[in-house]
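Asker: Guided by the hints, dock chain B onto chain A, whose structure is given.
There are 2 protein chains.
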Amino acid sequence: MALRHYTLDFKLSTAVDSATTVPDLLSIFHEQEMTETAHETNGHGYLGTFVGKNGRLAILRVHSHALVTIDLQCYEEDNIAQLDNLLNALETKLKVILNGNITRIKRLPALVRGAEVDRYWPTADGRLVEYDMDQIVYEEDSAYQNIKILHSQQYGNVLILDNDLNLAESDLAYTQAIMGSGRENYAGKEVLILGGGDGGILSEMVKQKPKMITMLDISFKVIDACKKYMRGTCGNILDNLKGDCYQILVEDCVPVLKKYVQEGKTFDYVINDLTAIPISTQPEEDSTWEFLRLILDLSIKVLHPSGKYFTQGNAETLTEALSLYEEQLGKLSCPVAFSKEVTCVPSYLEQWVFYSVWKK
Amino acid sequence: MALRHYTLDFKLSTAVDSATTVPDLLSIFHEQEMTETAHETNGHGYLGTFVGKNGRLAILRVHSHALVTIDLQCYEEDNIAQLDNLLNALETKLKVILNGNITRIKRLPALVRGAEVDRYWPTADGRLVEYDMDQIVYEEDSAYQNIKILHSQQYGNVLILDNDLNLAESDLAYTQAIMGSGRENYAGKEVLILGGGDGGILSEMVKQKPKMITMLDISFKVIDACKKYMRGTCGNILDNLKGDCYQILVEDCVPVLKKYVQEGKTFDYVINDLTAIPISTQPEEDSTWEFLRLILDLSIKVLHPSGKYFTQGNAETLTEALSLYEEQLGKLSCPVAFSKEVTCVPSYLEQWVFYSVWKK
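Order-wise, the sequence lines are chains A and B. Last residue of the first sequence: 359 (numbering that gives the first Met the number 0), numbering continuous. Last residue of the second sequence: 359 (numbering that gives the first Met the number 0), numbering continuous.
No lab work stands behind these hints, which were simulated from the structure alone. Errors might be hidden in some of the hints.
[Unchecked claim] To spell it out: a stretch of chain B is covered by chain A in this simulated footprint if at least three of its residues, at any positions, have a beta carbon under 8 angstroms from a beta carbon of chain A; those stretches are:
#: 1; segment: 4 to 14
#: 2; segment: 46 to 58
#: 3; segment: 101 to 108
#: 4; segment: 115 to 125
#: 5; segment: 128 to 139
[What the hints assert, rightly or not] Cut-off 35 angstroms, straight-line C-alpha distance, at most; resulting in silico cross-link-like pairs (DSBU-like, lysine-lysine):
#: 6; chain 1: B; residue 1: K339; chain 2: A; residue 2: K105
#: 7; chain 1: A; residue 1: K358; chain 2: A; residue 2: K257
#: 8; chain 1: A; residue 1: K226; chain 2: B; residue 2: K105
#: 9; chain 1: B; residue 1: K258; chain 2: A; residue 2: K105
#: 10; chain 1: A; residue 1: K307; chain 2: A; residue 2: K358
#: 11; chain 1: B; residue 1: K188; chain 2: B; residue 2: K206
#: 12; chain 1: A; residue 1: K105; chain 2: A; residue 2: K226
#: 13; chain 1: A; residue 1: K339; chain 2: B; residue 2: K339
#: 14; chain 1: A; residue 1: K105; chain 2: B; residue 2: K105
#: 15; chain 1: B; residue 1: K220; chain 2: B; residue 2: K206
#: 16; chain 1: A; residue 1: K105; chain 2: B; residue 2: K227
#: 17; chain 1: A; residue 1: K10; chain 2: B; residue 2: K227
#: 18; chain 1: A; residue 1: K10; chain 2: B; residue 2: K52
#: 19; chain 1: B; residue 1: K258; chain 2: B; residue 2: K300
Just so it is clear, CB atoms sit at the ideal spot from N, CA and C, and this is done for glycine as well.
Chain A on its own, in the form it takes in the complex (with noise of 0.2 angstroms):
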């Protein structure tokens, strides 16, 4: 049973007396049958913490500076519409109080901690953002990493490995844009993919019948669970792993990668769907630039010299760690220059940065 936990604030333009506040604001708690408790602040304002029955608790703070902050935490299960108008009542005794020094009233939405679906899905730039996920269509644990597809009223299922929300139904932009935006023209063209379990990249590219297509993901897990659930993104291309211009092979990129390197095999687009860049702004101590380098190093020595490379980059705004991944590019064995370009990939709910390369 999930929790709803409700704010809403006042920020004032001058301090309050709590003398002049709290009174008025009591006899509301005391209608609801809440049991105040007040507690040493030490000069910090007042903080009074109310608990009523089916486990309700409220706090009310009327802090030293000109803020006044109230919590609200109940049952899912609670009569909500009686929670509704406690907090009105709050927000029009406290209009009336704080009248002529109010600058914002905020009154969020709750805040549902501990329910079945989980909606809480940050941004890979740390914000806070609830998405209208209602069910939980597939989880399972790989040898490799967690695996969720939850559904989206408005994104339809969405992908979700190790808690990090990466591809939903709505998402051909993000296909599109890993895949030069239109302006590449794949026929008759040896394309390697490394990951794109999804299937969104394989689905889009048969369409304009390269010569070869080899797409090289870990999990055949995801493969599976996508070719069942994420047909809005890979269609029927996941049926079969392999088709009249295109081959699956489940594993690991990286031996696969070096054997290539050996046979002098090249590819005229390598499109990279592993991971985005890694956040972390240390990239001697973090294991994942390293693994990021030895792809890339890998992927540019398989690149026809006139071949393109695709990759994601991160949110637009983790400006440092896009700036050390171009870093990275410049201190690659083969010399490179590259372009990005931002696109909004709907159920991102950021700006995303992706990333073509090519040798000098």
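Answerer: Showing chain B alone in chain A's frame:
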């Protein structure tokens, strides 16, 4: 001074006894010199509040069902690293205590309450979302509404009217969608824009050399603010209220529309950029629905028989409000047909519906 509010929740497979969980946690709070008050909850588990120095407050609840929740409030100027350590210590300890019984651990980005720049602008469908706004660029009250322009790192400047996020400089997708998504040819056409004070539609439309665009917006203050601070949207088009192929009339559109009807004046395109569809689903009792019907009826009356009417709808998930709007379309004095499409407008953080309407 803002209040940072952290939450840390453990969802469990089976309920736990507070006697086995709480004592081990108390020492962590005591180390931080936080004073415990245990509250009587009438069978709803353990509820302890902990008040510390610098205005710190923690709440620990071991609910009588399978959930443990922790809240931690501190001031912005507090030692954030120390608070992080406290949460880390609690999380680590709880992982040990609850080992084998944990379904989900959720530690959300801190809610920042009472900050100078408000970053929480819930979606139309009522979800809690945090933006990356970092600066108040403009704020003023007009006779009609509160006008705010905030700066966002990724969306540029964002226009907010009466606390409703209208448009960001990143949102060309909105303008393109409400102009018919590139399927229309405005060259040589007569166009009427209702609202549109941000100048986005006007700025895009003049590029297509229509015969004449008439824009009716009631608020000079909005136009003037956008001219200065939303240039990523309007370019230089608002620098003059009149140009080769456009005129901006700063007027209430209703009497002007009525005058056009009387004169028998018609337009090839009417673009209603006034407001989203009301969310309320009791149209009889809601004056915004009445206003919407009035505008719609007048707009269709001034529409050339082969003309098109474009407007925004609302969030894709507000299916009831959208259905109700479609019902209204069926009740107009002149019979119309319509189509709709869903667009991802970058700053909206939800899929948005746009309508095309034409006379049958």
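Asker: Please go over all the hints and tell whether each is borne out by the structure.
Answerer: Results for each hint:
1. Counting residues of the segment 4 to 14 of chain B whose beta-carbon sits less than 8 angstroms from any beta-carbon of chain A gives 4, enough to reach three: the coverage restraint holds.
2. Coverage of the segment 46 to 58 of chain B by chain A holds. Counting CB-CB distances below 8 angstroms, 8 residues qualify, and the rule asks for three or more.
3. Counting residues of the segment 101 to 108 of chain B whose CB falls under 8 angstroms from any CB of chain A gives 4; the rule of at least 3 is met.
4. Figure legend: the segment 115 to 125 of chain B, annotated as covered by chain A; annotation consistent (6 residues with Cβ-Cβ distances under 8 angstroms, at least 3 required).
5. With 4 residues carrying a beta carbon less than 8 angstroms from a beta carbon of chain A, the segment 128 to 139 of chain B meets the three-residue requirement, and the given coverage holds.
6. Among the hinted pairs, K339 (chain B) with K105 (chain A) is consistent with the structure: their alpha-carbon atoms are about 34 angstroms apart, no more than 35 angstroms.
7. With a CA separation close to 19 angstroms, the supplied pair K358 (chain A) and K257 (chain A) stays within the 35 angstroms bound.
8. Between K226 (chain A) and K105 (chain B) the alpha-carbon distance is near 29 angstroms, which keeps this suggested pair within the 35 angstroms criterion.
9. Using a Cα cut-off of 35 angstroms, the hinted pair K258 (chain B) and K105 (chain A) is violated, with the two alpha carbons roughly 42 angstroms apart.
10. Distance restraint check for K307 (chain A) and K358 (chain A): the Cα-Cα separation of roughly 8 angstroms lies within the 35 angstroms cut-off, and the hinted pair is therefore satisfied.
11. A threshold of 35 angstroms between alpha carbons decides the hint, and for K188 (chain B) with K206 (chain B) the separation of about 13 angstroms falls inside it, so the pair holds.
12. With a C-alpha separation of about 44 angstroms, the suggested pairing of K105 (chain A) with K226 (chain A) is violated against the 35 angstroms cut-off.
13. Under the criterion of a C-alpha separation no larger than 35 angstroms, the hint pairing K339 (chain A) with K339 (chain B) is consistent with the structure, at around 33 angstroms.
14. Of the pairs offered as hints, the one joining K105 (chain A) and K105 (chain B) holds, with about 24 angstroms between alpha carbons and a cut-off of 35 angstroms not exceeded.
15. Straight-line distance between C-alpha atoms of K220 (chain B) and K206 (chain B) comes to about 25 angstroms, which keeps the hinted pair within the 35 angstroms bound.
16. Between K105 (chain A) and K227 (chain B) the CA atoms are separated by roughly 28 angstroms; this keeps the pair inside 35 angstroms, and the hint holds.
17. Distance check on the hinted pair: K10 (chain A) and K227 (chain B) sit about 28 angstroms apart at the alpha-carbon level, within 35 angstroms; holds.
18. Distance check on the hinted pair: K10 (chain A) and K52 (chain B) sit about 22 angstroms apart at the alpha-carbon level, within 35 angstroms; holds.
19. For the proposed pair K258 (chain B) and K300 (chain B), the alpha carbon gap of about 11 angstroms is at most 35 angstroms, so the pair holds.
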